[in-house]
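Dock chain to chain to rebuild the complex, using the hints, since each chain is given by itself in its own frame.
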Amino acid sequence: MLFAASIYWDLPVLLIAVSLVYSATRHDRWDRIVKEAANWIVRMVGFLGGLGVVLYLLSTHPHLWKIAAAIGIVATIIYYAVTLSLFRKWKKSAAPVAK
Amino acid sequence: MIPALPGTRKLDPLAAFLSYLLPGLGQIVQGRVGKGVLYFVCLYGLFFYGLTMGSWKNVWLGDYSQQAEVQILGRKLPGLLKDLSYRREFAGQFWIGIAAWPAILQYQTTEPLPKPDEPGKEVWQPKPNSIFGSHMQAPPEAELNKLQRDADKRWDLGWVFTVIAGVLNILVIYDALCGPVVRDDEPKPAGGAA
Numbered sequence: 001m002l003f004a005a006s007i008y009w010d011l012p013v014l015l016i017a018v019s020l021v022y023s024a025t026r027h028d029r030w031d032r033i034v035k036e037a038a039n040w041i042v043r044m045v046g047f048l049g050g051l052g053v054v055l056y057l058l059s060t061h062p063h064l065w066k067i068a069a070a071i072g073i074v075a076t077i078i079y080y081a082v083t084l085s086l087f088r089k090w091k092k093s094a095a096p097v098a099k
Numbered sequence: 100m101i102p103a104l105p106g107t108r109k110l111d112p113l114a115a116f117l118s119y120l121l122p123g124l125g126q127i128v129q130g131r132v133g134k135g136v137l138y139f140v141c142l143y144g145l146f147f148y149g150l151t152m153g154s155w156k157n158v159w160l161g162d163y164s165q166q167a168e169v170q171i172l173g174r175k176l177p178g179l180l181k182d183l184s185y186r187r188e189f190a191g192q193f194w195i196g197i198a199a200w201p202a203i204l205q206y207q208t209t210e211p212l213p214k215p216d217e218p219g220k221e222v223w224q225p226k227p228n229s230i231f232g233s234h235m236q237a238p239p240e241a242e243l244n245k246l247q248r249d250a251d252k253r254w255d256l257g258w259v260f261t262v263i264a265g266v267l268n269i270l271v272i273y274d275a276l277c278g279p280v281v282r283d284d285e286p287k288p289a290g291g292a293a
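Those protein sequences? They're chains A and B, same order as listed. Start counting the first sequence at 1; every next residue gets the next number (this note's numbering). Start counting the second sequence at 100; every next residue gets the next number (this note's numbering).
One chain only, chain B, in its complex shape (with noise of 0.2 Å):
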């Protein structure tokens, strides 16, 4: 193995693997277990927070292969990249880890959403997972509708919560992968800048 260099840090995968699976977890493997425990307490704290506040119902892909195609500098996006542009929440929500995964596995297993135009649409019920049953499945429109036309405002800042979670995990896996930003222990380097 290459020796580090003065200055230059040594990377850790498998922990950055580890805190992206559970938030904090690469680094209660590394020994820092208090800062793993804050980050799992804050960002699973954030993300259920979120979640409830959502009904259980704000964190989902769905199958938009039936919806208008969508593209990008002329070009048509593919199957998954397509998705995600109809749900952008799920590419912040992704990163939490474990946490949303029944929601790529409904991904995976429900049929497709109807088309917009389709009858019956309004009445359309996805075939709920034998596993997660409904958990994280992407919501048929009108139970969506009533999400949003009944209850408060709770619903839209619970999936911008499950979001902040996910993103913000992205800093902790970077802090698993190679250490806090500033090292506050660390010597100054001669002659370098305060």
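Extracted from the complex, chain A is given alone in its bound form (with noise of 0.2 Å):
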């Protein structure tokens, strides 16, 4: 089984501090690199959960590979719509504030 193995367990830390440490050289104040860190840690989870997924159906059953790459394509297609305009949203959000 695919999470049995225990190197997968290792990787929330890989993913935590790897947002909270880029997020943190990107701003200064919490709010905002708390935001994009959250950023960050969706669009990594979502691209690497989604590709895993594929992975472990093709491997398991060869014979679906079709079916396996039309539910790839449209993930693909369906996380990048959401995630660039989450971005798009948060980019507005987080215009300079006027004094």
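Hints may contain errors.
[Claimed, not checked] Chain A is faced by these chain B residues, among others (derived, beta-carbon under 10 Å):
{"id": "1", "residue": "Arg131"}
{"id": "2", "residue": "Lys134"}
{"id": "3", "residue": "Leu142"}
{"id": "4", "residue": "Leu145"}
{"id": "5", "residue": "Tyr273"}
{"id": "6", "residue": "Asp274"}
{"id": "7", "residue": "Val280"}
In short, the hints are calculated from the structure, not lab data. Every residue, glycine too, gets a C-beta built ideally from N, C-alpha and C.
Dropping the structure here:
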């Protein structure tokens, strides 16, 4: 089973540390650091998780490769449509504070 | 001192050096204590988590002078560059700062790794250092083979964690040198794009 291997349980440490450190080098304000870190976690988990599911399906049911490929393509399109619109919304809210 | 022009950034090389030594120390000295602590906890956490995953045997730089020459663009790589070409991971791990210095000390004091065709290389053991013992010392090939053969894949993932921690500290050093990439509270330049 995919999640029985312990190697996958180490990845959240990496995801959280990388997202927080990268976001903190982009901003000084805590609300923006946390928001950007959360966005990065969602993007990475979504992308890598989606890829993992497609590869898992292909390795366990190789005869379903056409269905797996179609799910992969549709999921990628939906993923980018959602994350890009989220990113745009975030960009608007992160505009410099007027003094 | 030349006053900083509007839109330019004042560089702080001392803070950058301190952040190299200990991730986040430069930011703490600059008064950005919360961010400094965040960097320290995240990067040391990641680095030592990776070290633990690798049984404390995945951060080292060996002396590969007895090994085959390495050529890039027809030129033989000298000393340290040759050793780094055999152990590329350390080029990333180095940037974590003091935490990787035992590996440098071990590199300076440990005898070269044996030649690939040398008799008895399977049982070769480097002499432990008087201060650090075998900590961050290049492990013998037999021990490396045992770690990779008998353990799960965590040994390999462990060195990836340590390399990522080191490389991320380069971003932290940059942040200490000239501040965050996006200046949140900086007024927009007149006529500038959004």
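Structure-inconsistent hints, enumerated in ascending order: none
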